[in-house]
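A.B. asks: Sequence:
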Amino acid sequence: MAISATPPASDFIRDIIAHDHASGKNSGLVVCRFPPEPNGYLHLGHAKSICLNFGVAAENNGCCHLRFDDTNPSKEETEYVDAIMADVRWLGFDWGEHLYYASNYFQLMHDYAVTLIKMGKAYVCSLSADEIRSYRGTL
Numbered sequence: 009m010a011i012s013a014t015p016p017a018s019d020f021i022r023d024i025i026a027h028d029h030a031s032g033k034n035s036g037l038v039v040c041r042f043p044p045e046p047n048g049y050l051h052l053g054h055a056k057s058i059c060l061n062f063g064v065a066a067e068n069n070g071c072c073h074l075r076f077d078d079t080n081p082s083k084e085e086t087e088y089v090d091a092i093m094a095d096v097r098w099l100g101f102d103w104g105e106h107l108y109y110a111s112n113y114f115q116l117m118h119d120y121a122v123t124l125i126k127m128g129k130a131y132v133c134s135l136s137a138d139e140i141r142s143y144r145g146t147l
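With positions in the sequence shown counted from 1, the corresponding number in this note's numbering is that position plus 8.
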């Protein structure tokens, strides 16, 4: 199957980007990201997200960051990191110099959270798992 050379149909994401370009927002810079948690192999939904994020970045001469959300070490393995990187490449995309690991700046995120809590702009939820489920309602 050949990939069409015609531009993609417009959708709400591309419409927002077009509006931002027209208004000069962010000097026209488009930066996307694909943030998988390396706790298993990718599935079709991940592939769709990869194609959307890397594709939109490429369409706009931007970049897409591959940022591993590796903040749960009990469930994550290097095997999955390697497999995810191979899958992104297999789909035809490359993150270049934009490879990041959330664990590398987890302490900074924690420090920001503490600051926001002290400012009264965030709080620590003390609900139990059952209470959270009851508040959540139906999805």
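Because the hints were derived from the structure by calculation, they are not lab data. Be a bit skeptical, because a hint or two may be false.
What the hints assert, rightly or not - Here are the simulated DSSO-like cross-link-like pairs (lysine-lysine), alpha carbons at most 30 Å apart as the crow flies:
#1 K33 <-> K56
#2 K56 <-> K83
#3 K129 <-> K56
A.B. asks: Look at each hint and say if it fits the structure.
C.D. replies: Consistency of the hints with the structure:
Distance hint between K33 and K56 is fulfilled; the C-alpha atoms sit about 27 Å from each other, no more than 30 Å. Note on K56 and K83: the hinted pairing holds, with a Cα-Cα distance of about 23 Å set against a maximum of 30 Å. About 35 Å separates the Cα atoms of K129 and K56, which puts this hinted pair outside 30 Å; it is violated.
Hint check: a violation occurs at hint 3 only; the rest are consistent with the structure.
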